[in-house]
Amino acid sequence: ETGVTQTPRHLVMGMTNKKSLKCEQHLGHNAMYWYKQSAKKPLELMFVYSLEERVENNSVPSRFSPECPNSSHLFLHLHTLQPEDSALYLCASSQEAGDNEQFFGPGTRLTVL
Amino acid sequence: GQNIDQPTEMTATEGAIVQINCTYQTSGFNGLFWYQQHAGEAPTFLSYNVLDGLEEKGRFSSFLSRSKGYSYLLLKELQMKDSASYLCAVRNAGNNRKLIWGLGTSLAVNP
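Chains A and B, in that order, are what the protein sequence lines are.
Here the first sequence is numbered in this note's numbering, starting from 1 and rising by one per residue.
Here the second sequence is numbered in this note's numbering, starting from 1001 and rising by one per residue.
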C-alpha cells in the first residue's frame, strides 16, 4: 500500500450504532488530519494530530472521538450520530503539522439513517 | 470573518485555456493552495503560493496578489481528464496554521 488509505470506503449506520473509521499513512509523516466534506460546504477541519498528540480540535461534537495510537494510524470513533453527520470523511497527512502539502486518503462515505 | 470565494461551476472546451479565480478575506495569511478533486476521489495538491506572482508547473499555473486578496489557477491545453473540482485554500498565519477552504469550482471540459 502506498500513500494514505482509509477503511471502510462506504459506511451506513443507524443513529444508535457505534463504528470506527480507520486511516493509515505509509509516507512517514508526523501529522495527520480528519476532515469532513459535506455537499455545498467547504472542507471542515475536525482534528489535527502531530506525533500522536492532538494539536487541534475544532469544536467537534463529542459523538466524534479521534484516536492516534502512532504516527501512521488515525481512527475516528463514531457513536450516536445524527443524520446531518452524513458526509465524506477525509483523512490527510503531512510531514509536519501545517506543512505546505497535505496528502489525502480516498475518504469514507458515511450515511447516517 | 474568514471567507474564500470562488465560482461554483465553469465549463470549457478541450484544448482551450481556463482561469479559475479565488478571492479571500482571512485574519492572517501564510500561503494559498490549489487542490484538484475528481468526483469520488481524494483532493490532490496542485500548487502553493506565498509570494506575489505567478508559479508555473507544466500546464497549470497559479497566481497570487496578496494586496488584493486574489489568486487564480490557469489551466492550459485543457484535457477531458481536467474535469474536476478545484479547491482554493488559505493558510492562517501564526501558531494556528490551519487551512481555510473554499467551496470549490466544478470544471467541466467538453470535447
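One thing to keep in mind: the hints can contain errors.
[Unchecked claim] List of simulated lysine-lysine pairs, DSS-like, C-alpha gap at most 30 Å:
| # | chain 1 | residue 1 | chain 2 | residue 2 |
| --- | --- | --- | --- | --- |
| 1 | A | Lys41 | A | Lys19 |
| 2 | A | Lys41 | A | Lys18 |
| 3 | B | Lys1076 | A | Lys18 |
| 4 | A | Lys18 | A | Lys36 |
| 5 | B | Lys1057 | B | Lys1068 |
| 6 | A | Lys40 | B | Lys1081 |
| 7 | B | Lys1076 | B | Lys1057 |
| 8 | A | Lys41 | B | Lys1081 |
| 9 | A | Lys18 | A | Lys40 |
| 10 | B | Lys1057 | A | Lys18 |
| 11 | A | Lys22 | B | Lys1068 |
| 12 | B | Lys1057 | A | Lys22 |
| 13 | B | Lys1068 | A | Lys41 |
| 14 | A | Lys19 | B | Lys1076 |
| 15 | A | Lys19 | A | Lys36 |
Quick caveat, the hints were computed from the structure, so don't treat them as lab data.
Since we're looking at a predicted model, the values are computed, not measured.
Comparing the hints with the structure gives:
no.	hint	result
1	A:Lys41 with A:Lys19	holds (24 Å)
2	A:Lys41 with A:Lys18	holds (25 Å)
3	B:Lys1076 with A:Lys18	violated (47 Å)
4	A:Lys18 with A:Lys36	holds (18 Å)
5	B:Lys1057 with B:Lys1068	holds (23 Å)
6	A:Lys40 with B:Lys1081	holds (23 Å)
7	B:Lys1076 with B:Lys1057	holds (11 Å)
8	A:Lys41 with B:Lys1081	holds (24 Å)
9	A:Lys18 with A:Lys40	holds (27 Å)
10	B:Lys1057 with A:Lys18	violated (45 Å)
11	A:Lys22 with B:Lys1068	violated (41 Å)
12	B:Lys1057 with A:Lys22	violated (34 Å)
13	B:Lys1068 with A:Lys41	holds (24 Å)
14	A:Lys19 with B:Lys1076	violated (44 Å)
15	A:Lys19 with A:Lys36	holds (16 Å)
Figure legend: structure checked against the earlier numbered hints; hints not met, in rising order: 3, 10, 11, 12 and 14.
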